[in-house]
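Throw the hints in and build the complete structure from the sequences for me.
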Amino acid sequence: MQPFEFIVSIFENFLDPKKRVFIGYLFAALIIAFFWLIFYKKFTLNHAIRKLFDQKVFLSKSSKADFSVFFINRIFTLFVSPLLLTQLVVATSIFNLLLLVDWADWSFGLVLSKPTIVAAFTFAVFMLDDFTKYIVHRWMHRWPALWALHKVHHSAEHLTPITIYRTHPLEGIVFSLRSAVSQGLVIAIFFYFFGNSVDLLTVIGVNILVFSFNVAGSNLRHSHIGIQYWGWLEYVLISPAQHQLHHSIAEEHYDKNFGATLALWDWLFGSLHHSVDTDILVLGIKDKDVSDHQSLYGLYIVPLIQFGAGIMKMVNGVKNKMFIAVKYTGNWRKFP
Amino acid sequence: MSNLKHKYAAIGAAASLLGALGAPTVAFADGHALSTYGPFPVTLQDYTGSKKNSVSYTGQIARHVLHDSLKKLAGNGDGGANAASLEAEMMAYYGGSDKNKTIIAPADKGNFNIKQGTVNEISSGKNLSGKTYKGLIAGWPGQMTGPEVLTSMIKRAAKTSGGFDVNTGYNYPQLISKFAMGAVFYNQAVDNYLDEKLAADNKPNGKPYKDGAHYTGKEHVWDEAFGYWGAAAHSLNLSAKDNYDVAKMKNVTAADANGDGMIDLKSEMVFAHAYYASSFDKGGKTDYLSTITQAFVDGRSLITSAGGENLSDAERAELVGYASVIGSNWEKVIAESVFKYAGSVYKDIDKLKEQMASNSDTSKTFATYCKHWGELKGFAMAIQSGKSNLGETAVKMNRLIGFGPILMNASQVSGVDSMGNFMKDEAISWDEYQMHMLKVQKLMVDAFGIDARSNDQIAKMADLADKLGDSNSAEND
Numbered sequence: 103m104q105p106f107e108f109i110v111s112i113f114e115n116f117l118d119p120k121k122r123v124f125i126g127y128l129f130a131a132l133i134i135a136f137f138w139l140i141f142y143k144k145f146t147l148n149h150a151i152r153k154l155f156d157q158k159v160f161l162s163k164s165s166k167a168d169f170s171v172f173f174i175n176r177i178f179t180l181f182v183s184p185l186l187l188t189q190l191v192v193a194t195s196i197f198n199l200l201l202l203v204d205w206a207d208w209s210f211g212l213v214l215s216k217p218t219i220v221a222a223f224t225f226a227v228f229m230l231d232d233f234t235k236y237i238v239h240r241w242m243h244r245w246p247a248l249w250a251l252h253k254v255h256h257s258a259e260h261l262t263p264i265t266i267y268r269t270h271p272l273e274g275i276v277f278s279l280r281s282a283v284s285q286g287l288v289i290a291i292f293f294y295f296f297g298n299s300v301d302l303l304t305v306i307g308v309n310i311l312v313f314s315f316n317v318a319g320s321n322l323r324h325s326h327i328g329i330q331y332w333g334w335l336e337y338v339l340i341s342p343a344q345h346q347l348h349h350s351i352a353e354e355h356y357d358k359n360f361g362a363t364l365a366l367w368d369w370l371f372g373s374l375h376h377s378v379d380t381d382i383l384v385l386g387i388k389d390k391d392v393s394d395h396q397s398l399y400g401l402y403i404v405p406l407i408q409f410g411a412g413i414m415k416m417v418n419g420v421k422n423k424m425f426i427a428v429k430y431t432g433n434w435r436k437f438p
Numbered sequence: 025m026s027n028l029k030h031k032y033a034a035i036g037a038a039a040s041l042l043g044a045l046g047a048p049t050v051a052f053a054d055g056h057a058l059s060t061y062g063p064f065p066v067t068l069q070d071y072t073g074s075k076k077n078s079v080s081y082t083g084q085i086a087r088h089v090l091h092d093s094l095k096k097l098a099g100n101g102d103g104g105a106n107a108a109s110l111e112a113e114m115m116a117y118y119g120g121s122d123k124n125k126t127i128i129a130p131a132d133k134g135n136f137n138i139k140q141g142t143v144n145e146i147s148s149g150k151n152l153s154g155k156t157y158k159g160l161i162a163g164w165p166g167q168m169t170g171p172e173v174l175t176s177m178i179k180r181a182a183k184t185s186g187g188f189d190v191n192t193g194y195n196y197p198q199l200i201s202k203f204a205m206g207a208v209f210y211n212q213a214v215d216n217y218l219d220e221k222l223a224a225d226n227k228p229n230g231k232p233y234k235d236g237a238h239y240t241g242k243e244h245v246w247d248e249a250f251g252y253w254g255a256a257a258h259s260l261n262l263s264a265k266d267n268y269d270v271a272k273m274k275n276v277t278a279a280d281a282n283g284d285g286m287i288d289l290k291s292e293m294v295f296a297h298a299y300y301a302s303s304f305d306k307g308g309k310t311d312y313l314s315t316i317t318q319a320f321v322d323g324r325s326l327i328t329s330a331g332g333e334n335l336s337d338a339e340r341a342e343l344v345g346y347a348s349v350i351g352s353n354w355e356k357v358i359a360e361s362v363f364k365y366a367g368s369v370y371k372d373i374d375k376l377k378e379q380m381a382s383n384s385d386t387s388k389t390f391a392t393y394c395k396h397w398g399e400l401k402g403f404a405m406a407i408q409s410g411k412s413n414l415g416e417t418a419v420k421m422n423r424l425i426g427f428g429p430i431l432m433n434a435s436q437v438s439g440v441d442s443m444g445n446f447m448k449d450e451a452i453s454w455d456e457y458q459m460h461m462l463k464v465q466k467l468m469v470d471a472f473g474i475d476a477r478s479n480d481q482i483a484k485m486a487d488l489a490d491k492l493g494d495s496n497s498a499e500n501d
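Going down the list, the protein sequences come from chains A and Y. Here this note's numbering runs 102 ahead of the position in the first sequence, where the first position is 1. Here this note's numbering runs 24 ahead of the position in the second sequence, where the first position is 1.
For the record, the hints were derived by calculation from the structure and aren't laboratory data. For every residue, glycine included, the Cβ atom is placed at its ideal position computed from N, Cα and C. Among these hints, one or two may not hold up.
[Stated by the list, open to error] Heads up, simulated DSBU-like pairs for lysine-lysine below, C-alpha to C-alpha not over 30 Å straight-line:
hint : chain 1 : residue 1 : chain 2 : residue 2
1    : Y       : K388      : A       : K216
2    : Y       : K133      : Y       : K183
3    : A       : K121      : Y       : K484
4    : Y       : K484      : A       : K120
5    : Y       : K125      : Y       : K234
6    : Y       : K491      : Y       : K309
7    : A       : K216      : Y       : K466
8    : Y       : K96       : Y       : K183
9    : A       : K216      : Y       : K377
10   : Y       : K491      : A       : K120
11   : Y       : K179      : Y       : K96
12   : Y       : K491      : A       : K216
13   : A       : K216      : Y       : K463
14   : Y       : K371      : A       : K216
15   : Y       : K491      : A       : K121
16   : A       : K216      : Y       : K484
17   : Y       : K463      : Y       : K371
18   : Y       : K375      : A       : K216
[Claimed, not checked] Just the calculated beta-carbon pair ranges, DEER-fashion:
hint : chain 1 : residue 1 : chain 2 : residue 2 : range
19   : Y       : K274      : A       : I125      : 45 to 53 Å
20   : A       : A226      : Y       : N413      : 39 to 47 Å
21   : A       : V203      : Y       : G149      : 52 to 60 Å
22   : Y       : D225      : A       : L185      : 51 to 59 Å
[Stated by the list, open to error] Here are a few chain Y residues that face chain A, going by a calculated C-beta distance under 7 Å:
hint : residue
23   : D374
24   : K463
25   : M485
26   : A486
27   : L488
28   : L492
29   : G493
30   : E499
31   : D501
Structure follows, in structure tokens:
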């Protein structure tokens with residue numbers, strides 16, 4: 103790749119409607135935030151504009167680190183992405199497995215009309231994607247080895263739309279696998295049952311549900327604009343303020359609101375927390391091991407060391423259990 | 025090999041200088057490989073005649089013409105009135121005739137002027153029946169040999185209207201043509217000429233092919249196999265698209281190698297599987313036509329370089345190597361065809377289902393579906409007429425495709441009764457049959473490793489994956 107092409111590729115994300123930071127979505131978020139400040143928060147015009155483009159946020163040490171990670175990760179992506187499992191490989195493999203199944207007599211296709219199939223596929227892809235995001239996100243917080251990686255994202259002390267790229271490259275690989283498996287699974291199953299009738303309902307080439315979520319201000323999740331929804335809606339959809347609360351260092355906010363788009367999963371699995379006024383929240387992490395979360399060493403190397411330590415701890419745990427099991431073989435009454 | 029080429033280059037150059045070989049002199053595509061199949065000099069020792077070119081495969085071209093004409097005739101039924109005469113006429117092309125029969129196809133089309141008008145102008149006394157694979161044809165109901173299957177299809181085709189039997193869904197022109205290409209051309213080439221006839225003591229190179237012939241045993245064995253393949257002598261000089269257009273009679277410039285304004289069927293036309301190879305190759309993913317044709321040319325120059333002596337073990341081993349390249353790629357061409365038409369049948373059923381759901385007229389789509397099914401079935405039977413026993417692959421393929429297409433009343437041919445009439449039984453669902461087509465496609469990929477994959481129904485998954493977009497940038501939702 104030529105240097106010029108590389109520079110272009112960096113900015114591609116802003117022009118691709120499949121990406122969260124697509125310029126159109128950023129603009130939509132800006133408009134929503136503006137109206138919220140004016141009409142709900144009763145800010146003056148001047149005050150609202152100063153708040154939207156708050157230099158304390160965008161020029162903070164934390165945000166500058168976001169930008170560095172964004173650029174550095176683009177280079178990683180360039181080299182790593184061709185090696186990653188794609189949803190097509192997953193889909194084809196699952197599909198081929200399904201072909202091995204012999205059904206005596208069955209029927210599909212004529213039962214559902216094409217619009218129904220397309221709607222069902224679009225919905226299923228979205229739901230499974232969102233659900234697996236919830237699960238993986240939960241694991242990221244619960245397993246020490248994964249938390250070592252995910253901490254990079256949580257070390258942001260100010261949130262901006264670019265903070266979504268504040269992600270350790272290893273974590274990026276985990277996310278990419280999740281996406282490949284969940285989308286591949288839905289593609290294979292739908293294709294198996296409905297064949298050529300399967301299609302995705304799109305707006306400007308994007309899943310209509312993803313598009314709606316993004317136009318509805320998804321970028322505000324990672325921002326300093328704490329928009330809160332009505333209480334009942336926060337059971338279903340995660341509000342920007344609910345996600346900002348997820349980034350809070352207060353202990354009562356730990357392991358809450360893992361959801362990406364839907365709050366439903368948090369509600370179902372007991373991790374839901376309604377939003378609070380985000381101005382009182384302190385964001386980031388309390389971690390005595392890392393003196394400076396905003397340096398490249400802190401962002402790239404420390405997580406790797408801690409990830410390794412986490413893995414070793416797991417290995418040792420298994421080893422110890424096996425050791426005990428072997429030691430007490432034949433003398434099981436003394437097994438502790 | 026390069027030594028050989030140089031050796032042959034010298035012969036070729038000398039021949040050109042003498043001007044004895046006429047217009048199409050020996051050509052080299054890029055200074056390395058020979059690019060035309062012939063002319064090749066006479067190498068037969070002690071030959072005293074005046075012939076300068078030892079290449080001869082007119083008998084095979086005559087059979088291509090018999091096949092093309094037979095296919096055309098198979099669609100001429102008028103519903104029963106002309107059944108007897110049509111059957112007799114078809115049998116004259118299939119089983120041979122004392123009369124000098126007209127070439128029904130390929131015939132002149134626009135400025136595509138065919139040089140020969142009758143079969144005997146190419147070669148006389150030829151038939152298809154004597155060269156049809158005589159093993160059991162497992163894919164067709166009735167436990168018959170190849171000739172029995174073709175004869176029974178001809179009899180039934182004669183009674184139909186336009187070759188199509190609505191009651192069974194059989195499209196006879198397609199079934200007869202696609203099966204005959206395998207049972208005659210493919211079988212004769214890979215299972216006879218490129219197989220036992222390459223043995224040292226079978227048609228040795230040190231003797232004439234038969235008494236009085238001006239070509240050696242191995243020269244003619246190789247030529248006959250090439251003739252069945254169906255490429256034009258100059259196919260290697262043409263792109264896949266050009267070869268395709270020659271077969272379709274759309275590019276007279278590409279076809280007319282010697283520029284005499286006439287297309288000589290004996291050397292300038294593309295027939296049968298060579299045509300199908302070009303149809304896949306023009307997609308750019310494969311090069312079956314050039315791979316196979318080049319192997320034929322290389323094998324033939326190897327034989328020529330032996331100078332009329334018996335081939336050494338090493339030379340024969342090299343020749344068997346070329347034969348193996350030809351055989352495996354030829355098999356792939358037929359597997360690609362099975363793959364393609366399984367995809368067509370799949371798509372046709374989609375259309376039929378839509379029309380049934382909206383109560384629209386399905387008759388036209390049904391006919392197209394049956395035509396594609398006939399091609400699928402014909403190619404599937406053809407691929408089983410080769411040299412290798414396909415074992416489980418054949419069993420699976422036959423079972424997945426079945427004895428007949430699923431008909432609009434949800435029945436399907438299931439066998440023949442004691443009178444030889446087709447019996448029908450309740451069929452599986454349309455959806456399940458579509459799944460069978462996908463399995464056939466997968467089977468072709470797994471068993472033969474094909475690459476062109478026209479009408480790949482699984483490729484739709486790739487489109488869906490594209491629509492969903494990649495997921496490889498590190499983003500934290």
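Of the numbered hints stated previously, which ones are contradicted by the structure, given in increasing order? Structure breaks no hint.
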